[in-house]
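In case you want the letters, here they are:
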Amino acid sequence: MARAVTPRRKLFNTLLAWAVGMVIFFPIFWIFVLSFKTEGDAISTPLEVLTSAWTLESYAVVQDRSDYFKHFTNSVIIAVGSTLLGVLVAVPAAWSMAFVPSKRTRGILMWMLSTKMLPAVGVLYPIYLLFIEMGLLDSRTGLVVVLMLINLPIIVWMLYTYFREIPVEILEAARMDGASLRSELLYVLTPMAIPGIASTVLLNVILAWNEAFWTLNLTAAKAAPLTAFIASYSSPEGLFYAKLSAASVMAITPILIMGWFSQKQLVRGLTFGAVK
Amino acid sequence: MRFNKLISAAAAATLMASGVAYAETLTIATVNNGDMIRMQGLTDDFTAKTGHKVEWVTLEENVLRQRVTTDITTKGGAFDIMTIGMYETPIWGKNGWLVPLDDLSAEYNAADILPAMSGGLSYNGTMFAAPFYGESSMIMYRADLMKKAGLTMPDAPSWSFIAKAAREMTDRDNDINGICLRGKAGWGEGGAFITAMSNSFGARWFDENWNAQFDSREWSDTLNFFVNMMTDAGPAGYATNGFNENLSLFQQGKCGMWIDATVAASFVTNPKDSTVADKVGFALAPDNGMGVRSNWLWAWALAIPAGTQKEAAAKQFIEWATSNGYIELVASKEGWANVPPGARTSLYENANYKKVPFAQMTLDSILSADPNNSTVDPSPYVGVQFAAIPEFAGIATEVSQEFSAAYAGQQTVAEALAKAQALTNDAMEAAGYR
Numbered sequence: 001m002a003r004a005v006t007p008r009r010k011l012f013n014t015l016l017a018w019a020v021g022m023v024i025f026f027p028i029f030w031i032f033v034l035s036f037k038t039e040g041d042a043i044s045t046p047l048e049v050l051t052s053a054w055t056l057e058s059y060a061v062v063q064d065r066s067d068y069f070k071h072f073t074n075s076v077i078i079a080v081g082s083t084l085l086g087v088l089v090a091v092p093a094a095w096s097m098a099f100v101p102s103k104r105t106r107g108i109l110m111w112m113l114s115t116k117m118l119p120a121v122g123v124l125y126p127i128y129l130l131f132i133e134m135g136l137l138d139s140r141t142g143l144v145v146v147l148m149l150i151n152l153p154i155i156v157w158m159l160y161t162y163f164r165e166i167p168v169e170i171l172e173a174a175r176m177d178g179a180s181l182r183s184e185l186l187y188v189l190t191p192m193a194i195p196g197i198a199s200t201v202l203l204n205v206i207l208a209w210n211e212a213f214w215t216l217n218l219t220a221a222k223a224a225p226l227t228a229f230i231a232s233y234s235s236p237e238g239l240f241y242a243k244l245s246a247a248s249v250m251a252i253t254p255i256l257i258m259g260w261f262s263q264k265q266l267v268r269g270l271t272f273g274a275v276k
Numbered sequence: 277m278r279f280n281k282l283i284s285a286a287a288a289a290t291l292m293a294s295g296v297a298y299a300e301t302l303t304i305a306t307v308n309n310g311d312m313i314r315m316q317g318l319t320d321d322f323t324a325k326t327g328h329k330v331e332w333v334t335l336e337e338n339v340l341r342q343r344v345t346t347d348i349t350t351k352g353g354a355f356d357i358m359t360i361g362m363y364e365t366p367i368w369g370k371n372g373w374l375v376p377l378d379d380l381s382a383e384y385n386a387a388d389i390l391p392a393m394s395g396g397l398s399y400n401g402t403m404f405a406a407p408f409y410g411e412s413s414m415i416m417y418r419a420d421l422m423k424k425a426g427l428t429m430p431d432a433p434s435w436s437f438i439a440k441a442a443r444e445m446t447d448r449d450n451d452i453n454g455i456c457l458r459g460k461a462g463w464g465e466g467g468a469f470i471t472a473m474s475n476s477f478g479a480r481w482f483d484e485n486w487n488a489q490f491d492s493r494e495w496s497d498t499l500n501f502f503v504n505m506m507t508d509a510g511p512a513g514y515a516t517n518g519f520n521e522n523l524s525l526f527q528q529g530k531c532g533m534w535i536d537a538t539v540a541a542s543f544v545t546n547p548k549d550s551t552v553a554d555k556v557g558f559a560l561a562p563d564n565g566m567g568v569r570s571n572w573l574w575a576w577a578l579a580i581p582a583g584t585q586k587e588a589a590a591k592q593f594i595e596w597a598t599s600n601g602y603i604e605l606v607a608s609k610e611g612w613a614n615v616p617p618g619a620r621t622s623l624y625e626n627a628n629y630k631k632v633p634f635a636q637m638t639l640d641s642i643l644s645a646d647p648n649n650s651t652v653d654p655s656p657y658v659g660v661q662f663a664a665i666p667e668f669a670g671i672a673t674e675v676s677q678e679f680s681a682a683y684a685g686q687q688t689v690a691e692a693l694a695k696a697q698a699l700t701n702d703a704m705e706a707a708g709y710r
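Same order as they appear, the protein sequences are chains A and B.
Its first residue numbered 1, the first sequence is counted upward by one per residue in this note's numbering.
Its first residue numbered 277, the second sequence is counted upward by one per residue in this note's numbering.
No lab work stands behind these hints: they were computed from the structure.
Predicted model, so just to flag it, every value in this text is computed and none were measured.
Among these hints, one or two may not hold up.
Claimed, not checked - Listed below are the simulated DSBU-like cross-link pairs for lysine-lysine, each with C-alpha atoms no more than 35 Å apart in a straight line:
| hint | chain 1 | residue 1 | chain 2 | residue 2 |
| --- | --- | --- | --- | --- |
| 1 | B | Lys695 | B | Lys440 |
| 2 | A | Lys222 | B | Lys370 |
| 3 | B | Lys325 | A | Lys70 |
| 4 | A | Lys116 | B | Lys351 |
| 5 | B | Lys609 | B | Lys555 |
| 6 | A | Lys222 | B | Lys631 |
| 7 | B | Lys591 | A | Lys70 |
| 8 | B | Lys351 | A | Lys222 |
| 9 | A | Lys103 | A | Lys222 |
| 10 | B | Lys555 | B | Lys630 |
| 11 | B | Lys591 | A | Lys222 |
| 12 | B | Lys329 | B | Lys586 |
| 13 | B | Lys631 | B | Lys424 |
| 14 | B | Lys424 | B | Lys440 |
| 15 | B | Lys329 | A | Lys70 |
| 16 | B | Lys609 | A | Lys222 |
| 17 | B | Lys609 | B | Lys586 |
| 18 | B | Lys351 | A | Lys70 |
Said to hold, decoys possible - Ranges of calculated distance between the beta carbons of each label pair, as one might list FRET restraints:
| hint | chain 1 | residue 1 | chain 2 | residue 2 | range |
| --- | --- | --- | --- | --- | --- |
| 19 | B | Ala588 | A | Tyr125 | 52 to 58 Å |
| 20 | B | Leu318 | A | Leu15 | 52 to 58 Å |
| 21 | B | Thr301 | A | Asp177 | 56 to 62 Å |
| 22 | A | Glu165 | B | Thr688 | 27 to 33 Å |
Backbone N, C-alpha and C define an ideal beta-carbon position, used for all residues, glycine too.
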């Protein structure tokens, strides 16, 4: 039975939620504001920043100095490519763990998740050497593989959770009707898990888009995505706040738009199985 | 006749082939600052002269350092030219990771490079990186506030004068801090400043046997002097202020004095960004009567990683970017105040450049810093605001974190020094120095 919520309590909860939301959103709002200011105005007091003239100067400088579309294209290919490859590998893995579990399944899942706790820099040199050896340095192919491997535990875990919600009897019925393993996966399981797969894809595209350690360390001029584009405007010696903000807005806008339109699926996917 | 045609065709084909091979595309890793960005904008001039194209990888200083270090230690070959500093150059040169720059052309006139720069970018007398620009540190002060306080800034002031002036110039009601200095953790941020300052107080990082010296009276004097002065006359939260934060404060008219990189002089005197552009004076970094001033020495320089397939083209680029011709190119397009400073002797003999208000003080500051004799007592290391050993960056980052915690009031100066002493000795022992 749902608890009764008084109007005052409801008002308090709403205000609190808005306040928390505003605090979380404020840095993005401020980056947006600074991106429309000159470098001189961007370092003044907050009130002066808001009342000073608005300009597109920083965007013009960023556009002139950097090849935004090259970085954008790299980001799209790396984020989408690594996610799709990850799903391709993770669907069979999650299927076996969800429907044919062994006594070690739980342990394997926990071990996979534990690899996310390893500091990335700990394996930088081995991976860098492998990349040199395989000729993958500064290539989109290399990054697609590395980001796929990094996000694979999350993809497997999410798909495993969704698959567990699907009644095993449906798969058994398909088998009784003569479906092969391939048909079972492709024509029975996958269509039923589409909402879960979609939210997994969305979340991992966002994770891959925002990944900044490997994308900075394994690229140079050719495969550098938008994370490198932003990094090129940060400086401890010299004022680049307005340009850095403009570059940041340009880098996060595509993923913000994608997140905005798919928020329903994302929330649904992330809370799937949480309430029964 | 037919034979001649054949020879001619072969010669033409060879020429064409060599022409195609000659036009290289260079990948250059560089740091994001005004001078480097200006160079990127002028790259077309290099391409027009040589046919070589350039792809830039511009990164924030700390990211760049990590990126190029990973690449050069693994012989990754991702870059044909790297932008590195005075700290890395002698260490990498000693390890054989860089191409020696001892065969640059006669027109380049390597002898014109300031000796302080070529010395700091060499190992065993061989230059391994060419300075794009050089810098020291100096005092930038508000002449109007100094006058209002009834004081006159000497060309070469002492720390006691600076502390007195800082307290006199402080006006909390009008949000004016007498002095703004770096307190931010990081060996290249607050760590660089306090190390250079400690030199003038007679302190040093190590004795001749690589024992840490943070338990000395000189280090205690340095840190206590710094904390007391900043508490009385520095901005709130100075423990997290670095170059950019202080530049911002100074440009907004909130600092009476600022001791920092000489390259900042062009920023604070630029009326487009600075509200105090016409009120700035310059002086040498302070001393303490011990014969060593508290200014550092640094250069951003261009180096070629050993093993690059494009060594000849890379050398051509370095000659172009660090030449007098490049300086004149910048001057013709952006004015003499914006040319890369601190690298060439002839720049300071140029009548046009002599008119730039901070030119002479920049040169005097650079010339007064000696990386080979940076401390009052003898020390086993080379470097003014750093010790040119591979372990220094890691150790100094941790030490500066302890110091910043003391500036923020999270621990006492004595506690910070005790921790610095212990962690430095531990690290040096682990590295086999002790």
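(request) List in ascending order the numbers of the hints, as given earlier, that are violated by the structure. (result) Result: hints 6, 9, 19, 22 break, sorted rising.
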